[in-house]
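J.: Respectively, the protein sequence lines represent chains A and B. Under our numbering, the first residue of the first sequence carries the number 1, and numbering increases by one thereafter. Under our numbering, the first residue of the second sequence carries the number 1, and numbering increases by one thereafter.
Because the hints were derived from the structure by calculation, they are not lab data. Note that this is a predicted model, so its numbers are computed, not measured. C-beta atoms are modelled at their ideal positions from N, C-alpha and C, and glycine is treated no differently. There is no bait here: all hints are sound.
Each pair of labels, with its calculated beta carbon distance range:
1) Ala102(B) with Glu253(A): 50 to 60 angstroms
2) Lys54(A) with Val92(B): 55 to 65 angstroms
3) Arg105(A) with Ala86(B): 37 to 47 angstroms
Restricting the straight-line Cα-Cα distance to at most 20 angstroms, the calculated cross-link-like pairs of lysine to aspartate or glutamate (EDC-like) are:
4) Lys193(A) with Glu181(A)
5) Lys193(A) with Glu157(A)
6) Lys214(A) with Glu253(A)
7) Lys214(A) with Glu296(B)
8) Lys214(A) with Glu225(B)
9) Lys197(B) with Glu181(B)
10) Lys197(B) with Asp212(B)
11) Lys193(A) with Glu152(A)
12) Lys193(A) with Glu225(B)
13) Lys214(B) with Asp301(A)
14) Lys214(B) with Glu296(A)
15) Lys20(A) with Glu56(A)
16) Lys197(A) with Glu225(B)
17) Lys197(B) with Glu225(A)
18) Lys20(A) with Glu277(A)
19) Lys76(A) with Glu97(A)
20) Lys214(A) with Asp301(B)
21) Lys20(A) with Glu225(A)
22) Lys76(B) with Glu97(B)
23) Lys107(A) with Asp136(A)
24) Lys193(B) with Glu225(A)
25) Lys54(B) with Glu277(B)
26) Lys20(B) with Glu56(B)
27) Lys197(B) with Glu255(B)
28) Lys214(B) with Glu225(A)
There are 2 protein chains.
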Amino acid sequence: MSLLVVGSIAFDSLETPHGKVDRTLGGAATYFSVAASFFTPVSLVGVVGEDFTKREEEIFRGRRIDISGLESAPGKTFFWAGRYGADPNERVTLATELNVFADFRPKLLDSHRQARNVFLANIDPNLQRSVLDQIDGRPRLVGLDTMNYWIENTPAELRHILGRTHVLMINDAETRMLSNEHNLLRAARHIFKMGPKTLVIKRGEHGAMMVDSKGVFCVPAFPLEEVHDPTGAGDSFAGGFLGSLASCEQAGEYELRRAMIYGSVMGSFCVEQFGTERLQALNRGEINARYRLFRELMHFD
Amino acid sequence: MSLLVVGSIAFDSLETPHGKVDRTLGGAATYFSVAASFFTPVSLVGVVGEDFTKREEEIFRGRRIDISGLESAPGKTFFWAGRYGADPNERVTLATELNVFADFRPKLLDSHRQARNVFLANIDPNLQRSVLDQIDGRPRLVGLDTMNYWIENTPAELRHILGRTHVLMINDAETRMLSNEHNLLRAARHIFKMGPKTLVIKRGEHGAMMVDSKGVFCVPAFPLEEVHDPTGAGDSFAGGFLGSLASCEQAGEYELRRAMIYGSVMGSFCVEQFGTERLQALNRGEINARYRLFRELMHFD
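Put together the whole structure using the sequences plus the hints.
T.: Right, here's the structure in full:
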């Protein structure tokens, strides 16, 4: 089943110990849609500026990504520049220019209003809400990302959208901040009361943890000798996770666990090269092979 | 097969958000030997002072722990006092009194010189060496723990003992410091050149990772709603790991992975109550049940 994603599209200038790239197309919705498109058709809703050319569009062409919801606005595309240390958690933001993203008001085309699976990437909870308000009926599956800024500054708006969310996908610091609870299991119980029935906690180099009423499932990060560029890992994870789930008839425990592995697979490929380079070069055979490697990584008798 | 452990025995005064205890028997060799004794007979070599009474001895009695190598010296037993925050990684040392441990020179009884499995807990690498020098022939399995202090201050002595070690069990910060390499896979390759063929990286709330020539195996920490007292978790892990391995005829990939789970099981029980309380109350049925829970935590199709 098709999957609608609404979120940022950005030019990123990135510097890591392995090199640098200037103005590569990134943003949560970009990573998410490319990753998810390996599993299911994706519709992308976002805004770009006049500096977004045919060259950038190429990233989406030839994939199962419908970009008819990609709005072009006068001005420049959202821009972010950052530098990572040897420890990928040491990230310094060098520049953030919202540009056309500052006035982004998602408008769904008629063809997108029937979306059954939706991912609301990390944007203003008011915009996340406006997306759900434009959808006909209740989607089968709503995934949501958010961050410390919205948890602190728009708690009421965030609470509203959480009440309409099935799967919340955030990191451990955000989990603790949202629940005001250090222990992640107790934090999950608080969050279940807010709406989501499934919490996926992204832990970077420590992998990911899913908590739901059935219990807990933990996946390690795939061990890599080189992390070239951590940008987009979390959004690629979300794309693999929700893309995989959206492609299933059901979303039971079996499918959720598979989705966790596919999310981890896509996140691990993402960081192997700069920007979306690795995801663009990827094929389904490589995804399946790495899925099997996760089994070796976690299996015991 | 029997397992010899040499390391510290201490009185600990511990404070956590869940309460406090005064002068409870701890130390690496205590946690290790109690945890390992569920799997194999253990011989403990260490030193205690005159404040170590029949009451403390009770902890070892009734278990497969031979304390004939427990030396009693004039003076007081090693004492440590510490406080943990809501985040167990936030640890403040309030007092460290080496006491009789300052002059500890391990002397192996004749009956201990045939040990085939040895764990050298975190002590001066010169003492670790003197233990191996007293053993007849080459043991089948030598496990070793160390810490930043020895990595920085006695690198040559540490290098010598690493050359005689099969399994090195340290945390991620120590792995990076010892190898001068941030990436843990590359760090492991450096460390393999120093001697150990198996590296077990203890990552606290993030679980543990084993790297050897066969690849990587990752185990999450068992999700607990309450961590009452993190003291001794790493040494209980080591006890479960080496106790389980020592009880096997072989130490191949199958046995090593099982050992990683048993290590994680024992570490997870340890932190459920203060000091060694939980380990003392534990039975083999509970260990087996939690082993099965690890399967549920990590299993996917």
